[in-house]
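S.K.: These are the residues of each chain, in order.
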Amino acid sequence: MSIVDRRSLLVAGAALGLSPAQAQSQTIRIGVLTDISGPYRDPTGPGSAVCTEQAALEFQGRGLTIEVIRADHQNRPDVGANIARQWYDQGVDAIVDVPTSSVALAVSQIAREKNKVFLNSGAASSDLTGPACSPNTVHFTYDTYMLARSTGGTMARAGGDTWYFVTADYAFGHALQRDVTRFVEQAGGRVLGAARYPFPNTTDFSSFMVQAQASRAKVLGLANAGTDTANCIKQAREFGLTRNMKIAGLLLSMMEVHSLGLDVAQGLVLTEPFYWNLNDRTRAFTARVRSRLPNGWPPAQVQAGCYGATLHYLKTVADMGAAAAKADGAAVVARMKAMPTDDDAFGTGLIRPDGRKIHPTYLWEVKTPAQSRGAWDYFNLLATTPAEEAFRPLAEGGCPLVTRS
Amino acid sequence: MDLFGIPAPLLFGQLLLGLINGAFYALLSLGLAVIFGMLNVINFTHGAQFMMGAFVAWMLLNWLGIGYWGALILAPIIVGITGIILERLMIAKLYKLDHLYGLLLTFGLGLIIEGLFRNEFGSSGLPYRIPAELTGAWDLGFMFMPVYRGWVVVVAFVMCLATWLVIEKTKIGSYLRAATENPALVQAFGINVPRMMTLTYGAGVALAAFAGVLAAPIYSVNPQMGSNLIIIVFAVVVIGGMGSILGSVLTGFGLGVIEGLTKVFYPEASSTVIFVVMAIVLLARPAGLFGRS
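Line by line, the protein sequences are chains A and B.
Taking the numbering used here, I'd label the letters of the first sequence as residues 18 to 422.
Taking the numbering used here, I'd label the letters of the second sequence as residues 19 to 311.
Honestly, I wouldn't trust all of these hints.
What the hints assert, rightly or not - So the derived list for chain A, only partly shown, Cβ under 10 Å to chain B, looks like this:
no., residue
1, Pro60
2, Phe216
3, Glu255
4, Leu277
If you are wondering where the hints come from, they were derived from the structure by calculation, not from laboratory data.
All values derive from a computational prediction rather than experimental measurement.
Here a beta-carbon is modelled for each residue, glycine too, at the ideal position from N, C-alpha and C.
Go ahead and model the full structure; you've got the sequences and the hints to work with.
M.R.: Quick look at the structure:
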């Protein structure tokens with residue numbers, strides 16, 4: 018059962034005088050498979066669909082007919098896999114977004130099986146370009162390794178040498194904890210303990226906060242995302258953990274900061290490769306999409322990633338022709354890797370043989386209420402990591418595509 | 019001193035935290051039990067009404083400048099009134115039908131309410147602060163106890179006790195109990211049973227909203243905050259015995275403690291343990307621990 022709540026058909030092919038049958042066969046179908054009703058809705062969800070549609074809009078008049086559809090995977094691998102299978106069988110050429118790593122890993126497998134394209138932006142597990150890499154998958158915005166290296170590595174080097182993790186008990190949380198642990202140990206630190214809690218459906222984290230406190234670790238590592246992270250930070254403050262521990266929100270994003278409010282979130286450090294107010298290009302992109310985003314909020318990093326990934330995909334499709342692109346997903350991805358990327362949200366970058374899109378990443382500090390000059394003015398830039406250093410080195414991921422070539 | 023490999027002070031702390039979570043379960047399952055006892059409706063909108071309580075508190079603060087203490091009184095009244103409207107317009111039409119119809123209607127209504135709030139406010143939540151009078155924490159020696167959590171346990175306990183007293187010891191409570199047993203006979207004595215049912219539903223919903231206001235400062239105020247709890251609370255009511263008020267309250271606190279201990283020994287199972295208990299209780303005592311078969 019798929020829930021397709023809106024279809025938008027962007028007819029550009031008609032302008033070229035193609036017959037309806039020709040136009041139909043050459044329509045590029047993009048499915049945004051995302052969390053529309055759960056905890057990851059705000060940072061992904063309808064906003065991801067809007068940003069994907071924006072990329073399609075910018076391709077109007079270039080000889081492509083593009084259709085964008087969307088569905089809710091409810092963060093369940095079985096539901097997501099069913100929709101993906103159905104979509105690919107019904108002529109969807111590329112699936113975009115797919116937050117929740119367990120769902121994304123399933124979709125990546127199906128895209129490969131059916132030789133279609135999977136443009137991942139929302140899921141974070143670095144396994145998608147590691148042991149589970151695929152010639153049909155591109156991993157755009159971020160991954161657990163990059164978050165671990167930036168936020169985790171920075172805190173470990175700044176004296177945070179003992180850690181206690183609160184980890185969402187599924188693929189993403191495990192990957193994030195594993196990747197952070199590596200950087201902590203590299204910096205000479207130790208992990209003193211970890212609590213894995215059931216995801217979703219955990220609201221109260223007080224028990225884990227007290228356990229973390231009792232461990233006497235210096236850093237509380239939150240290997241979770243969305244409302245779980247917000248709940249953890251709120252309850253960590255309530256239980257006074259911040260008096261002698263530092264909080265590492267490893268996938269903390271603008272949306273959680275917004276939901277916590279600056280008085281609770283101030284001073285936290287986080288990593289995002291996209292922030293709407295970073296430079297002129299990101300502001301220009303924000304201005305183009307903002308009026309159509311839910312609640313008129315600025316785009317979040319994953320949503321921007323859907324835009325960047327779709328734009329690069331469509332460039333590639335335009336370059337090789339819709340018919341060829343529809344016939345062979347792996348060929349499209351191979352061509353995407355051969356072309357440099359350039360979009361307003363992430364600037365210039367490239368896609369590596371393992372499917373990892375690389376771009377610079379930024380370490381941010383949440384502003385104090387006094388520093389913030391208006392709505393959504395949340396971050397001070399602390400540091401920039403160049404694209405080549407931000408992600409896991411190609412040889413270390415264990416991706417079979419790399420060792421073979 | 020260690021108990022089961024865990025330092026005793028840590029274990030006491032976890033028992034206390036379990037009790038606090040149990041307070042939420044008790045308050046919510048109390049409302050469910052009152053509604054089921056009187057209306058014979060399994061109110062699956064309860065989670066959404068809990069969430070509405072938290073959101074109304076946020077609205078009162080941000081739109082009207084009314085703080086926590088005002089919200090603690092006003093939000094249950096406001097949400098209770100929406101419950102009364104809901105009962106009059108829809109739920110009242112289902113009393114003569116099978117339980118399942120009421121369950122489906124209230125479940126659907128819950129999803130709709132949650133969806134409306136999600137569209138309006140997003141999924142990531144809204145900030146709501148602990149009132150200034152209740153910030154800070156006590157150092158108990160074995161753990162750091164936030165003042166606000168202490169307040170939650172006390173106020174939830176008082177609320178449960180008050181509800182129990184009203185139902186068991188007052189005249190209106192005796193009408194209510196009588197109407198549960200035999201509505202036709204009570205009506206024949208000149209008591210307006212339909213109105214009593216409406217007010218009972220309103221009161222049950224107000225209890226959920228009250229718990230929602232209590233939860234707003236410590237949990238993220240988001241549209242799905244209730245759906246995470248409702249299934250657990252439903253299990254609490256089943257274990258306690260459908261419609262048994264004392265059973266719901268005691269089971270609520272008890273299961274909070276069991277869940278809290280699971281979070282220490284095997285956190286992965288903490289969302290499952292309550293259902294394991296439910297299965298065992300249903301096998302051994304199908305009417306629940308305090309239910310009458």
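S.K.: Take the hints in turn and mark each one as holding or not.
M.R.: Each hint, compared with the structure:
Because the closest C-beta pair between A:Pro60 and chain B is about 7 Å apart, less than 10 Å, the hint holds. A least Cβ separation of about 9 Å between A:Phe216 and chain B falls short of the 10 Å threshold, and the interface hint therefore holds. Hint status for A:Glu255: holds, given a least beta-carbon distance of 5 Å to chain B, under 10 Å. A cut of 10 Å between beta carbons decides the hint on A:Leu277: the least distance to chain B is about 6 Å, and the hint holds.
Of the numbered hints listed earlier, not one is contradicted by the structure.
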